[in-house]
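Going down the list, the protein sequences come from chains L and X. The first sequence stops at residue 355 when you use our numbering, and every number in between is there. The second sequence stops at residue 444 when you use our numbering, and every number in between is there.
Careful: at least some of the hints might be erroneous.
To be verified - List time: in silico SDA-like cross-link candidates among lysine to any residue, alpha-carbon distance up to 25 Å:
1) K427(X) with Y197(L)
2) K142(X) with M199(L)
3) K212(L) with V44(X)
4) K147(L) with G145(X)
5) K208(L) with L421(X)
6) K151(L) with K142(X)
Hints are computed from structural coordinates only; laboratory data are not their basis. A quick note: this is a predicted structure, and the numbers were derived from the prediction, not measured.
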Amino acid sequence: MTSIAPNTTSGPLLKVENLSKNFGGLRAVNNFNLELQPGDLAGLIGPNGAGKTTVFNLITGVYLPTSGKISFKGQEIGGLPPHTINQMGIARTFQNIRLFPSLTVLENVCIAYHSHAGYSMQDAILRNGKFEAKEKELFEKAQDFLSIFRLEDRQAEIARNLPYGEQRRLEIARALAAEPTLLFLDEPAAGMNPAESVALMDLIHFIRDRFKLTILLIEHQMRVVMGVCEKITVMDFGEVIAYGEPQEIQSNPRVVEAYLGRGAAELAEKLQRSKAQ
Amino acid sequence: MLNKFSKSTLWFLGSAFAVYLVLQILVSAGILSQFWNTIIRLGAVMAIVSIGLNLIYGFNGQFSLGQWGFYAIGAYAAADVTYRWDVNKSADGLVVLALATSLSGIAILWLHARLSKVRGLDPLSAFTLYLTSTILLSALAVQIGIAVTPVVTGALNLLPAAAAMQIVFILAVLFSAILAAEISYLFGLPILSLGSDYFGIATLGFTIIVKILLDNSDTLLGFVEMKGARGMVGIPKVTSLFWVFIFLVLVVALVRNLLRSSYGRAIISVREDEIAAKAMGIDIAEYKIMAFVIGSFLAGLAGGLYAHINGFLHPDTFNFIKSFDPMIIIVFGGLGSITGTVFASFAWALILEGVLRLWLPQGFETWRFVVYPLLLLVTMLLRPAGIFGNYEIPFLRQVLPKLRKNQPSEAEPVAEVRP
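Make the full structure from the sequences, and use the hints.
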């Protein structure tokens, strides 16, 4: 993938080196390595409990890493609070949708745009011209995001009342309103039917090109992962067990073992051979 | 000039002015007795504390029982200043309070700007820095204040006595509110990182500490004129209907301006989902402390006004049991509804302090505290979201912009997801 993101520094956008996280005696993530180039659309997969969401939480600052280095745009971000990391340009969605449930759809998006609001608290309290102008701009920007996601007619709806698919789209719209360069999607297709998954895949491609994003996603639906991602990292028991393009990953015996158990790889190979004959 | 204000703003200001005018005429004509005049002023004062609490609990989601403590601080601080002016004929209280709050305020803002940039700073060390610097500056303020007092007293004495009294009163109320806000900042810093329930317990502790200190204000704190548990008397009764209305309208308008801005939405997002707010770039610690400090400022402001209604303060008024009053008012009126808060505050004053006091036969005033919980119980059963839910009058609503139909640029619309 050629570099399309407006990244001035050469080299990877995100570089994670030897990242580890212990919860008491449990080593949830062990020596995790990852490199994302600007414009990448990468996947992170693995069986349940492999530590994928923990990796997201470590990179976005929800957890403090036990050891290891995370650098974003060449800057060390390990140990920074989540809101600072977001303001630097990493946004995310959540596995179990986390909207602001009793606010309107439009307000949900406006909140993510807060760090770009461009007026001070004094301006807000005094309601001066600067406030009026910037607030109008903010609303228009938020409406633009909503219309990209076909949610513009829903702007006054309370977020909690939206159907599931629209909540998912709103969450992605909200993440994009923070104007990130790197977007993490945590199981975006969870709970979607095949038709919705296909639409989601188009959506992911579309936002990557439209907003010049780099995207890393966690997903269990193999159809989505294989159809969307250009590079895939596979985790098991907190460690990276494979890295490569979708085709390589599908035939990697360690990956098959991680998903289906010991011995499964040989069986799969036998099956494939017999099919070929 | 007029078309700069929207219709809803004119409606709000107009009706507030009309209500004030009618009440003022009724009071001046002697149709409303002094008793009802006091009840109305109490209602307005209660509305200011409750709006502050609603900001903290209803909008920011932090359960605080400490507002009554800040109310007490505001009341006693303002009362002490006006008492010293009225009885001792000295502006020393005002000068010292103004200097101490200004110096500490500048120090807090300065330290805040510096310390918030430090990565991984331990909250307790930050707290120690804040505390020592404010204590040192307050001590300095006392020394400077004593030196400056004669000049200020002389200057104020040049004015007509009534005007000077009003100036001292308003300044005392404002600086007491700032004092309450600063104390709330120092207090909130270490405990706002606690979860909401634990925060509630810690703030309840604060209210109890304040009450105990006020019980012993003459011995422990050294303010002889506060007379400790015997109650402070001789405070000038200068809180007029005019002043409570001015302050209430200002508070409603400013809180609305704050809430209906990006900062207000950030405050509300903390209530909605802390983790999502953080991930969206909202510094939740910052907005928690902001809501808490503004809420406590309003509590202090209301306290200052309250002290000058009856001219009498007693520590029992600031008992922690009473700290549930504003809590009950906001739950009754509707969490997250300013309209409901103002309405419920006046209902509280008129019904519980007014009507029931008059109607119930002699010796049965205590029954109020049976009626009171029963009313609350019925409300919770019939309308769990409070009388007003989250209804707001048009002036207080978030105005959503109109849909712009002609969307340019978006040439490639996203495939519609049809479940």
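Contradicted hints - numbers only: Number 3 only.
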